[in-house]
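Novice: Read off the chains here:
Protein chains: 2
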Amino acid sequence: MSPKKEYAISPKRSEDFPEWYQQVIAAADLAENSEVRGCMIIKPWGYALWERIQKQLDLRIKQTGHKNVYFPLFIPLEYLQKEAEHVEGFAKECAVVTHHKLEKRADGKLYPASPLTEPLVIRPTSETIIGAAFSRWIQSYRDLPLLINQWANVVRWEMRPRLFLRTTEFLWQEGHTAHANPEEARQEALSILNLYEEFIRSYLALPVVVGEKPESEKFPGADTTYTLEAMVQDRKAVQVGTSHFLGQNFSKANNIRFLDRNGKMEFAWTSSWGVSTRLIGTLIMAHGDDNGLVLPPTLSPLQVVILPLIKKEEEKPTILEFAEKLINQMEKLEFAGEKIRVEIDKREIGGGIKSWEWIKKGVPLRIEIGPQEISSGILTIKRRDKEVKEKEKLDLQQFLDKLPFLLSEIQQGIYSRAESFLKDHSRFIDTKEDFYEFFSSSDSSDKEIGGGFAYAHWDGSREVEEKLKEDLKITIRCIPYKSSYGDEPGICPFSGNPSKRRVIFAKAY
Amino acid sequence: MSPKKEYAISPKRSEDFPEWYQQVIAAADLAENSEVRGCMIIKPWGYALWERIQKQLDLRIKQTGHKNVYFPLFIPLEYLQKEAEHVEGFAKECAVVTHHKLEKRADGKLYPASPLTEPLVIRPTSETIIGAAFSRWIQSYRDLPLLINQWANVVRWEMRPRLFLRTTEFLWQEGHTAHANPEEARQEALSILNLYEEFIRSYLALPVVVGEKPESEKFPGADTTYTLEAMVQDRKAVQVGTSHFLGQNFSKANNIRFLDRNGKMEFAWTSSWGVSTRLIGTLIMAHGDDNGLVLPPTLSPLQVVILPLIKKEEEKPTILEFAEKLINQMEKLEFAGEKIRVEIDKREIGGGIKSWEWIKKGVPLRIEIGPQEISSGILTIKRRDKEVKEKEKLDLQQFLDKLPFLLSEIQQGIYSRAESFLKDHSRFIDTKEDFYEFFSSSDSSDKEIGGGFAYAHWDGSREVEEKLKEDLKITIRCIPYKSSYGDEPGICPFSGNPSKRRVIFAKAY
Ligand SMILES: [Zn+2]
Ligand SMILES: [Zn+2]
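If you read the protein sequences in the order shown, they are chains S and C. The working numbering applies: residue 1 is where the first sequence begins, and numbers increase by one. The working numbering applies: residue 1001 is where the second sequence begins, and numbers increase by one.
There's no promise every hint is true.
[To be verified] So these bits of chain S aren't anywhere near chain C, every CB distance computed over 10 angstroms:
1) Gln22
2) Lys109
3) Gln139
4) Asp260
5) Gly263
6) Ser416
7) Glu470
[Said to hold, decoys possible] Computed beta-carbon distance windows for the label pairs:
8) S:Gln22 with C:Ile1349: 38 to 44 angstroms
9) S:Gly337 with C:Ser1420: 32 to 38 angstroms
10) C:Glu1085 with S:Asp107: 53 to 59 angstroms
11) S:Glu6 with C:Ser1140: 23 to 29 angstroms
12) C:Ile1349 with S:Gly337: 31 to 37 angstroms
13) S:Gln22 with C:Lys1104: 35 to 41 angstroms
Source of the hints: derived by calculation from the structure; they are not laboratory data. Beta carbons: idealized from backbone N, C-alpha and C, even for Gly.
Hey, can you work out the whole structure from these sequences and the hints?
Specialist: This is the structure we're talking about:
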């Protein structure tokens, strides 16, 4: 028997995945719950992740011709009534502003005063208010395509909130576009889907399955909702982004009309798409381990942290000088088109505590520098993707030569591990029995864990969807978009009716 | 008589300044009112200005050791009650959320449903909710200083909104810090004041007067409010930023306590500070002219726009190729530490319309490129800070050599003009008669226009302040902070009582 291994996070993933997730967030100091139910406080390390996501995604959104704008937080209540399906979808979970003043009453307490004639809704998403502006801005085909995006906070009341994954207020980016014909609008929705996929693969090191949502899971008011579904380590799905082809639904509701090339008045075709702080929750659940967060080097706010090993005060100047020089040399190097991000942790706290902090925060590389490293010129490198105690010794020049390669190796390693995990837990299933077995683990240590992604035939009926939701809490995550994978017709194992192609079933967050 | 000059903006500044302001915003396509009263839609060119401000200011805030975070939009109503002055200041103008659902009634319309037990207030500023977190995060002097910042939207109900300058919802940055002693907290507030001043001077090309607010104009709950006051072209003041030393007021209200070095429990000293989208309104009013917006090159999203003069379709490829090469060469150059920002306007609309669009948007340099420019190798340069028709001819290499210098010249020119304006309309005033005359222009063409900044003595009483507010709509903008200017004692011209030093009186937005 080998000695019992110690981990930084308790419980381990295999013991209690949801609790492990909360503990990783606390250990990495990413966020915490505020006293307002469902609303989180994003702390510096968590917000730095969001800033990295914003920076990289914003670049891509701008490069494809979209301009950033800002629309009001408040939506007149009547706007939500304009699109029938949209009402049903969003009216349920809105924060409603009814007063615009507080007044102190006799008991010394504040009470809402000055009621609004028309209540205002905090935007759950901005299709309706942006649609109203589009109808003013768009007159002719010359005004099209209109391509805008905004970074904003939105509010959807959550009864069972979970940090990052499902919060009442969250941060996101929402793109809104209008086009002169349906092909172009659909193409827009699809090219954003590609953009998201590339970004999520290269910056979150996360493989995703892309496809269409079934009717039951569509965005309220969309013709087609395209989705990106990731698998996290309890084998559940997370919808990490969506892109909607809205057809003429919102342009009819908002009267977005234009004079086309032939002088005919026509309703525009629109799209909308977004990703949110949910990406951070997915990242944690997909890559984290029993020692905390694991960050892909492309995304990590810091790629290298230098930990000075100072035992005697008189060693300090030499060690810090050596470290500063090393930082200067590293900062001349690039990885993934950006300057390498490195910092020295000068805090006067124990080396062990300090080192564990950065492990829990998921920084890819740690370098310890003490008198021995300086005299020998040999650096001790520790990688977040290896065992905690594992070290690599490299002389200074070797290390500098190898640094971008090291980061790239870590990046690829994280991606590959997630990709293998996704493959290992994706399965073609052809009988109802196998399906129920797949999603009902008999292994008692595995209770919280769903089976993974089941590629199974489906007759297209709501009945089958509802039955599976009731029995197993399973939903159709998507009708995969890559046509080479499971797109042959077959028989629905639940009804015996014909099926056009396989769809992906999974438990989901 | 010279022929009548035509301007792009009607009315001119001298005719109707407030209306001119609205027209510049429309002509430059910066923003528009939404259907929600007091809430604006920031359009791409306006939002690009905000992004430039964010980028540069964020850099400076981070360089001085502050970390970005994100706190909830919602503040529990009871939080606002914690600090007595703060209640009085903010309770009046809050948006209050009272319900978290909408339900459809028999008439088919939506109504607020599911009332909240405790109403939520949309943050007018975040001292109270951040204070609650600080009280959890801070235990010991080792946790101090705590230096955070957030970029967020805030809401203060406005009865007389004006785009950018005063809107119900606005975008801003709010810094919040906690310190182990009062000196350090005050120093923080002052160094941020310096940071803002440097930023506003170098990026908005705007001179400001810095100083303290009198008691009556302080931030509700602050010990000292430091302010930056700019003068715009109708000679009114705009408060462009504030930095508050909060003493122990918020730490006592929120129980932010720490164990000091001597093992004694102590309340922390805090500061808070912010600038908002109001900076954009000030920029427009300070630098704009009768042809629209005028942007300082450091701030402008674009520094150079290339306008191809294509008369025949066959000239197009040569002209565009020439332009692209020119762009590549320009982008290798730097100005104010950043790559030069240049774009070509390829839209197929009339050259005159196109040129006027960029004039109205305030872009510093326009370059027209047609067959003549290509064959001669001589470029035609037009500067936004000169007359519309004025041009400079430079050969290609000369132009490239001179470009950073040209931008720097424009930058300095814009700053100098604003500085002269501020000086010309600032005056030491020693009698009540002169004071009233200064603020009561007898020139009828000047009706809307206040006198400027009056440096006058003040006895420190609320009576004088209230009388001047009533008679002239004049307030004390600040007690100037630079001690070399008007800080000798004297006699208050309004009461005859002694005065410690001169203060600045002005009309203000
Ligand atoms: Zn497994
Ligand atoms: Zn003047």
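Novice: Evaluate each hint against the coordinates.
Specialist: Each hint tested on the structure:
With a least CB separation of 16 angstroms from chain C, Gln22 (chain S) remains clear of the 10 angstroms interface cut-off, as annotated. Consistency note on Lys109 (chain S): stated as away from chain C, yet its beta-carbon is not over 10 angstroms from all of that chain's, at 7 angstroms minimum. Separation of Gln139 (chain S) from chain C is adequate, the least Cβ-Cβ distance of about 15 angstroms exceeding the 10 angstroms criterion. In this structure Asp260 (chain S) is separated from chain C by more than 10 angstroms, as the shortest Cβ-Cβ distance comes to about 18 angstroms.
Non-interface call for Gly263 (chain S) relative to chain C: holds, since the shortest CB-CB distance, roughly 19 angstroms, exceeds 10 angstroms. The beta carbon of Ser416 (chain S) sits about 32 angstroms from the closest Cβ of chain C, which is more than 10 angstroms, so the claim that it is off the interface holds. Taking the minimum C-beta to C-beta distance to chain C, about 25 angstroms, the non-interface status of Glu470 (chain S) holds against the 10 angstroms cut. At about 57 angstroms, the CB distance of Gln22 (chain S) to Ile1349 (chain C) disagrees with the hint of 38 to 44 angstroms.
The hinted window of 32 to 38 angstroms between Gly337 (chain S) and Ser1420 (chain C) is violated, with their beta carbons roughly 45 angstroms apart. For Glu1085 (chain C) paired with Asp107 (chain S), a C-beta distance near 20 angstroms fails the hint of 53 to 59 angstroms. Distance hint check for Glu6 (chain S) and Ser1140 (chain C): the Cβ-Cβ separation is about 27 angstroms, which falls inside the suggested range of 23 to 29 angstroms. The hint said 31 to 37 angstroms for the Cβ distance between Ile1349 (chain C) and Gly337 (chain S), and at roughly 36 angstroms that hint holds.
Here the CB-CB span from Gln22 (chain S) to Lys1104 (chain C) is close to 37 angstroms, well matched to the stated 35 to 41 angstroms.
Of the numbered hints listed earlier, those contradicted by the structure are 2, 8, 9 and 10.
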